[in-house]
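Visitor: Going down the list, the sequences are from chains A and B.
Start counting the first sequence at 1; every next residue gets the next number (our numbering).
Start counting the second sequence at 1001; every next residue gets the next number (our numbering).
Please keep in mind that the hints were generated in silico from the structure rather than gathered at the bench.
With a straight-line Cα cutoff of 20 Å, these simulated SDA-like cross-link-like pairs (lysine to any residue) come out: (1) B:K1009 with A:T139; (2) A:K317 with A:E489; (3) A:K2 with B:I1153.
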Amino acid sequence: MKPEELIERYLDGIASPEEVAELDRLLAESVEVAQAFARASRRDQALGQVFREDQERAAVQAQIGRAIRPRRRRGAWIAAGVAAGLLLGLWLLIRGTSPESPAIAIRSEGPVRELRSGARIEGKAAFSMVGETTRFETTEGTELKLEIRAGAKHISLRQGELEATVSPQPPGHPMTLATPQALARVLGTRFTLSTTPALTRLEVREGKVELIRISDHARVEVGAGKAAVVGDESRSTLAVHSIEEDRFLSLWKDLHDPSHGYFSPEGIPYHSVETLIVDAPDYGHLSTSETFSYWLWLEAAYGRLTGDWSYFRRAWKKMEEVLVPSALDQPTSRLYDSARPATAVAEGATPQAYPVAADPGRRVGTDPLGAELEATYGSADLYAMHWLVDVDDWYGYGRRGERGRKSALINTFQRGPLESVWKTVPHPSWEDFRAGGPHGFLDLFLREDPYQKQWRYTCAPDADARAIQAIYWAWVWSKNQDSGLPLAEARRLGDTLRYALREKYFAGSHYLLGWSYSWGGSIEPAQGWAWRAASDQAHIGYQNPLVAWVLSTVPPFRSASPGGTTDWATSLDRQLEFYRWLQSSEGALGGGASVGAGAFHGMKYQEHPVFLDPPSNAWFGWQAWAMERLAQYAGAAQDPRARTVLGRWIAWAKSVVVLRSDGSFAVPSTLGWRGTPGDLHVTVLSTNQDVGVTGALARTLAYAGEGALARELLDRMWKLYRDDWGIAAPEAREDYRLFGEAVPLPSGFRGAMGRGEPIRSGATFLDLRSRYRREPDYPKVEAALRFGQPPVFRYHRFWAQVEVALAYAEVARLGR
Amino acid sequence: MDQHETFLKLLLTHQSDVRAFLSSMVRDRSQAEDLFQEVCLVLWKSFASYDPERSFGAWARGIAAKKVLQTWEKSKRLPLAFSPRALQAVLEAYTRTERDPAHAEGLRDCIQKLPDRSRRLLALRYEKSFTLARIAQEVDSTLDAVHKLLSRIRGALQECIERRVQAGDRG
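Hey, can you work out the whole structure from these sequences and the hints?
Guide: Next comes the structure, spelled out in structure tokens:
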């Protein structure tokens, strides 16, 4: 007989003595049999528990009776006394009630069914009131007490969250709910009440609830689809907002709470609250122009809801101060000669091909913008954001080489399409040879003779465009208000952004938002020089037709330079054409194009423009970003060209978003591509719950009139991933094994990072960033390196938090 | 949270596992139940020596196993089915295969999905705690047939739970 069958017979009570003896022997000898036995007996117990719950409760009760009247054997008196207290406690915990009163509610989840006045509920539970359809659900960590007071139901919610559907209550006996800060009176409705030691929030789905602030007895009626908060000192009036607006305000508060750590002590937003994180920025307390552009947009939405535009103005000022290089940061820009913008250099296919030499054979055109911009603004300094800043001077380079000076502008990517973040060498934008080797870091990237001290900055055009997009909406939303928006500065930012429309060495213009543009010069003015270069690559995820439209048609933003308006008008048409050209049969958008004989205005299709590690158009986030802008443009300009592309994309997006019956969801994470424009196809390779991307997707859906799906996604995110700091989903970082991977370095190179780490062939990502070893989360990385176990993090990225917050604000603005 | 509350919470979480272990060793239900109550007392009295780093379940079952052996040694009337060696092996197996709360959750749903006839049979066995002989009488069948039927139903439940857990994992 098989051991499993022996176990079954034994547990069913029909095993013969011989069979029991045989089982006894097998158990002692075989680990497998013992485990099978453990599983089977657990299963029997579980079955018994399900079927016998009532009986077992009675048994515990009887046991308490026995324990209270100690009838036990000698020596058991003290024990029995303890037992009485213990079991009574156990019983009360299970029953949550005193035995005399009648049951007022039935608990339908967990082991106990009847609840009496005075019952306490802890943790996740569901219960219904006796004799009505009123139903409550609590979440993990909830503590509440249920009572009858003067014939009315009363719930004291100490902490946690309660979701309620309350049927009409007897006249004159409204149900009341109390939290430490507020009292809610309910006549019959569907709502969610949650509380922490500091804050109470009420969201009403149906009906009406009266909310009373205990501190000053201020009261409001909160109707269907509305929410109110008590305990938020930033909101002195007890105001009622829509649920989505309220969620926006709640996230806004989380982002600005100094104890949460989204901002540096100087008020600079970090890439993420967490320090140990490697995205495009290779450390969490760096910041990017992307982060700042999201910050501006956050404050634009806040201004719309509150009429307070001071946060927007401050954000713009901080952006200027930190990321727009000052006159001191670009001291020799006046030496720039538009007729000779730069010396062309070759591009290497791999990081190992660097340093690269000058390419004298390559034609360098004339920069059409330099003279025009200088004439308009009276300065040769460019007004644009550099993309990456070391907020706390973690790398130790200091701003302009001044040791200890924070907000050091730095750069990482320099070495072609295969240089992933894991292969980069972070270096100062102000190259004064103090760190690195004898020529600083220059000879990692370029062969020159002689090497000269220099400054250089790189603009990520999507971020500058996003900043303009944000101020455009701030302007729209603040009409007739004294908002004091920095419109002249925005116009100059937009004018300078025209560099993004040029080919790398100014042989022509592609009129798309290129991947980057850079400018630099010598530190020494004597025999000094300056240069500028743009990009031959255009990624769909960078395009922003809304901004091209704003800069070419909306008066306060139209360029003050003669060529600006036509540049942006041409760009708008070109971008719209680009979207149409890149749209796959399914609806998703292909990667982009690069300058070189091809079908798109002399450009050829690139499945993954600019970078291949990871492939640049695999990330679904680019889709949401590109379409969010097209959808806004379609709405603002009512352009049918945009509507067609948008409609097809939305149909595809709806077909690949997954809403599961258990309340979870999935959005595409990586995409696979095949074919070329005209016969281009996409497949979803993997999905995830990325909160920032889902926020961007929800916003796009809302702009396209798909508010219901947008709300559903946002609602699910709130339920699943809301935490004390914002919205965060767990993510496993399989790539963190690359902390230990060698960074390609030229064999002869010898130098040191800003903190003294030696730079020499064989050094790993971690070797160049030794301070990572001091990070509190470092052991998780070490485990990944040793055991190949991908560590799991819940990151709070600034941009992602803003995406989600904005999605709530925009869904609220656009209505149902 | 005071110590008393902490203890009660832990006990509530792990009681069914302690009960499962006890009733797999001591087949008489009321004796197993009495033993469980005594084990609870010992657990409470020695709670001060419990190391919170360790699994409470493993600690509690260890004490339960000792209690079973002590009781058995004092009075051989306790119908202990297995030798101390087998008992020890089962104890270790329990610790190696920790209880999966997802299984407990799935069980209720899977029972709901069973045909009425199967559910009735399970109720006789687990709610009424009838012996198989009595069940055979009730449903007018043979001991062996009832046992085979029960085994099949339990197998189906197991499959259903595993499907659920796996589906949950994928999500």
